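Participant: The listed protein sequences derive, respectively, from chains U and D.
All the letters of the first sequence, read from the start, carry residue numbers 1 to 400 under full-length UniProt numbering.
All the letters of the second sequence, read from the start, carry residue numbers 1 to 269 under full-length UniProt numbering.
Just so you know, these hints were derived from the structure itself, not from any lab.
All values derive from a computational prediction rather than experimental measurement.
Careful: at least some of the hints might be erroneous.
Claimed, not checked - Simulated crosslink set (DSSO-like; lysine-lysine; CA at most 30 Å straight-line):
no.	chain 1	residue 1	chain 2	residue 2
1	U	K238	U	K259
2	U	K149	D	K262
3	U	K116	U	K149
4	U	K116	D	K262
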Amino acid sequence: MTQTPQTAPEPEVMIRLENLTKRFPGTQRNAVDGLTLDIHAGEIVVLVGPSGCGKTTTMKMINRIIEPTSGRIILGGEDVTTTNADQLRRRIGYVIQQTGLFPHLTIGENVATVPKLLGWDAARTRSRVDELLSMVNMDPDEYRGRYPKQLSGGQQQRVGVARALGGDPQVMLMDEPFGAIDPITRERLQNEFLRLQSEVRKTIVFVTHDIDEAIKMGDRIAILQEGSSIAQYDTPEKILTAPANDFVRDFIGGGASLKRLSLSRVRDIELASWPTVSAADSLEQAHRVLRESDHSAVLVLDTEGRPARWVGAEDLRRGAGQSLDRIGTVPQAVVESRATLSDALNELIAARYAVTVVVDQDGRHLGVVDIEQINEAIRSMRHSAVAEARTEFADGRTAP
Amino acid sequence: MSTVTPVGVRDADVVTQTPPAAGRRGWVGYLTMPLILAVVLISLYLYVNGRELDSIEARSLNAAALSTAVGEHVALTAVSTVITLLIAVPLGILLTRPFTRRVRPFIITLLTLGQAVPTISVLVLLAVMFLFLGFQAAIVGLVLYAIIPVLLNTMVGLEQVDENVLEAGRGMGLSRFQVLRRLELPLAVPVILAGVRTALVINVGTATLATYINGGGLGDVIMAGLSTNRVLVQVVGAVLTSVLALLIDYLAGLAENLLQPKGLRSTRS
Chain U
1 MTQTPQTAPE PEVMIRLENL TKRFPGTQRN AVDGLTLDIH AGEIVVLVGP SGCGKTTTMK
61 MINRIIEPTS GRIILGGEDV TTTNADQLRR RIGYVIQQTG LFPHLTIGEN VATVPKLLGW
121 DAARTRSRVD ELLSMVNMDP DEYRGRYPKQ LSGGQQQRVG VARALGGDPQ VMLMDEPFGA
181 IDPITRERLQ NEFLRLQSEV RKTIVFVTHD IDEAIKMGDR IAILQEGSSI AQYDTPEKIL
241 TAPANDFVRD FIGGGASLKR LSLSRVRDIE LASWPTVSAA DSLEQAHRVL RESDHSAVLV
301 LDTEGRPARW VGAEDLRRGA GQSLDRIGTV PQAVVESRAT LSDALNELIA ARYAVTVVVD
361 QDGRHLGVVD IEQINEAIRS MRHSAVAEAR TEFADGRTAP
Chain D
1 MSTVTPVGVR DADVVTQTPP AAGRRGWVGY LTMPLILAVV LISLYLYVNG RELDSIEARS
61 LNAAALSTAV GEHVALTAVS TVITLLIAVP LGILLTRPFT RRVRPFIITL LTLGQAVPTI
121 SVLVLLAVMF LFLGFQAAIV GLVLYAIIPV LLNTMVGLEQ VDENVLEAGR GMGLSRFQVL
181 RRLELPLAVP VILAGVRTAL VINVGTATLA TYINGGGLGD VIMAGLSTNR VLVQVVGAVL
241 TSVLALLIDY LAGLAENLLQ PKGLRSTRS
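The shape of chain D in the complex, shown without the other chains (with noise of 0.2 Å):
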């Protein structure tokens, strides 16, 4: 039984060493790294300007269909992230209660396994087997594979909350969901919030397999370059996926600053 909690540990340590989010740095330190994303859009900008694009290169590198891409790509990122969120995080709780306790080890073992299957494998599965294609498909595979780290920091957030601050809680007459609402969960945020931030980074780079069962997203604009061979198109997608993944990265740590309850962060005033 308890041979399965410190893997789970180990796991949700590495998720959570994220970098160090934008800390402590100041307004110039936040402006960093938008003002290096956009002069990389606007390099590439003016490099595919300056070209003459031939007729299948124009296909893919206009605005309407690029604009489509990074639609989808950024649906497809935000519906996995939520619905991952809507399942991870209320089951973190839950195997987090005294009662859950014998089933947990199970429950682990099992989604860990699910996490072992590449997020592809399951695509082609899905589609092979249940014919079941599209932006929902898609959606199914990015969640099954977000799940795990969410629910893992879940976990390891509420259990790292001071065992102490909970007994103070209880004993001053908080029931058992009061303990968990006004303790337990907002001292977890930070740790929750970390695991949000890596299912988010997980699921913009796996988006982009979401085009092999048709579910659109930047993976159309490198598949297009792929299968046409024109490197150019395949170089603009990727950039184009880098830079979304970038950014999504980085107003994650955002949120996690600014969602970090007051009295935990480590500036002494």
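For reference, chain U alone in the conformation it holds in the complex (with noise of 0.2 Å):
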């Protein structure tokens, strides 16, 4: 549906910015100055910066909510810097900190601002309202008819988010879309995200301050300076293992490998195995397979096969003639397999056998994560991130 140049296996730029800059009235400086980004379609392209690096006036001018001060915007391969800026957005998602929900509309309502704009009738309105409620995991029924303000600070973030899908835009604009949430949370809704966007695959501009949620998040990050001058535009593996510059070394901070963990998922390593028992078997058959295995726990699984104790030895001595789901702890330290290799040793560090228990969407016990898994997936990391960085010095890609 574009006119890309004729590099074939490069992706298709889905934004262009050409020399882009911004120079707010009665200031000095320019708060964007001469940025040029290309954008490819279907990636999470994360803008991170300090405060005040022009990372957020980026973001705007894309759909124009700041108008460029000079410099192009090109989407799709069509300049757009001076279109009708309210038809321009239409077609671009917005998700902004605040949420900025219409408060005296409901959940329905506020999704379909867009269709609606869009002019779609009201079945298919109706129907795209519940597709996108479904999508971002809240039940349409339940909360189509309710005001925002009977919602939580997450669920309100994710009717924004359903509200951006509204008129199936291709690129999506987010600004600092989680950083109001508490962490716990956070950390759910960003994984949610990235799975909604595996089935979405819009191309999405991400602004935070948080490396660590620009690393996660992003297919690439591209790190800014003041004035929004790019310091790096790399993928996230490129960034922690071959950092451009001590501006980027620096805002990395410490730990990058800590780090780099945050770039593999649970799913992508080889899990552990842990010995279990049923819920309905007896104390003498957890006996059994407690000293048969060389743990000091056994975990011990409900009917569903969902993980629901702890039990070792101590616990069998002293529940003695009760049922194995009524002794022993709870597992604290679960996480989805979609949950990175941070979130499990995160996880791991404070748990009781030092373990994390993985779990697949329904909450059925997949396996456990432990330290050497995670000390192998680093190496592994490793080895391969600098033979790849050596290759593309080779090829004088980067330059030196």
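The two chains are supplied separately, each in an independent frame; assemble them into the complex guided by the hints.
Facilitator: So, in structure tokens, the structure goes:
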């Protein structure tokens, strides 16, 4: 649908910013100074940098909430620098930190905003609203008629994402969408959003000041310095293994190896096994399983195969006569298979038996992650990243 | 420039502090005020009925004369309030648009000065200088006085709308006009309505002055009582005015509750 240059293997450029500049009235310096950036279709590009670097201004110039002083914005091959801004914005999803949900409209009406602007009929709009609410894990029948005030912050932001997807835009702009949400909910929303993105494959420009979030969410990261000048624009792996300069190195901060753990998911590594028994089994069976293993506890699974209890030898002795799902402790360190290794490590550190239990989407037990596997993952990542950096250097693709 | 807006905001804050309208208190609460007013009116009727009226009193205190006065009074209040709204709300919208930023302080200062002049002086000036008398002249005086609270509340109502909501609206492709009509105005409704209620209460009280320029209303009854030295007539006029004012305030409070956007109500379901 677009006329991109004839470089076949390169993915299509969805957004091209050419020499984009913004100077606010009454200021001496350009907030954004001659930024040129290509954003490929279907990728999440994270603009990250210290506050005041111009990342939000840059993003807001793409849908012209802020009009550029000079330069061009090319969207899907079409120069949209001076086209009708209202029409342009209906084609671009927009999610902001404080959700900006319309408080006097129901959730359903909020999500229907763009479909209505685009003139969809009532039936199509309604089915789209239900589809979108389901996509962000909110039961349409339960939430359609509620008002934003009746929702938690995390739910509001889900609705914000659903609303932005209303007109099925190819491009989404997200301004610190998970910034005002508590860490646990943020983690979940990030994971949910990545799953959603793997289905919808939008081109996303994502602004954050949090390098960890950038590493987790970004297919590519643009680290911006003052005036929105690009310090490095690359994949998270490359930024972590081969920072382009001291600014990038400082910005990443310590623990680059640890941060790299945010790049791989639990499902990508081989899980360790752990002795399990069913909740319906007897204490004697649990005893036998425990004796035959070299571990200090067995994991009790309920009838659905979900982790229910940790039971150690001491628990078995004291709980004589009770059923297995009434003794021991409830497993706290549990992650889904799409969690990052970093999430798993976090859980593992505080866990009682130094392992994190991994479950699938329905909460069924898949295996465990222990420190050995995390170590192994770090080693293999370092090897492959270094090898890749070397080949690229040899190809002359990156400047020395 | 920026010195004027806070003044406006402060004024309007005072304006908004009408007592909390018939809130969440069930139908018993809603009926209290009408019942009290009915009891007052019935007592007044029984009292007046039980008295021997002289001919002067009888001329003022009869069904025809009183209902004419009440009718005129309601008309004065209603017409002046509607005209006030027609002027003040659009003006408030205009004065909150970015392109009027420069003229905003001047216009507000001017109107605030206008409000400082008592209505009675306005009425007298109209009558003496322009020989402008009667119902229409009274309306002019009332409107001039009531514009400011409605205007300031409209402006404050529009300005207190969450900036994020407007940005989200713009970001989704609502035009400036759509943002105004679908987001700003509905979200400003509670504050604007508080201003309207204030204007109504001001107007229903000030309308008693219309009698000085032959504008009719319950002021006629009070004046008749004063000029003929008939206390009973004065009392009837004053009580009727007060009952009418309280009734209108009560109805405006009901309207405030009913017209408030559902999602903004403080109840949780």
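Participant: Are the hints correct? Go through all of them and say.
Facilitator: Taking the hints in turn, this is what the structure says about them:
no.	hint	in the structure
1	U:K238 x U:K259	holds, 12 Å
2	U:K149 x D:K262	holds, 11 Å
3	U:K116 x U:K149	holds, 23 Å
4	U:K116 x D:K262	holds, 21 Å
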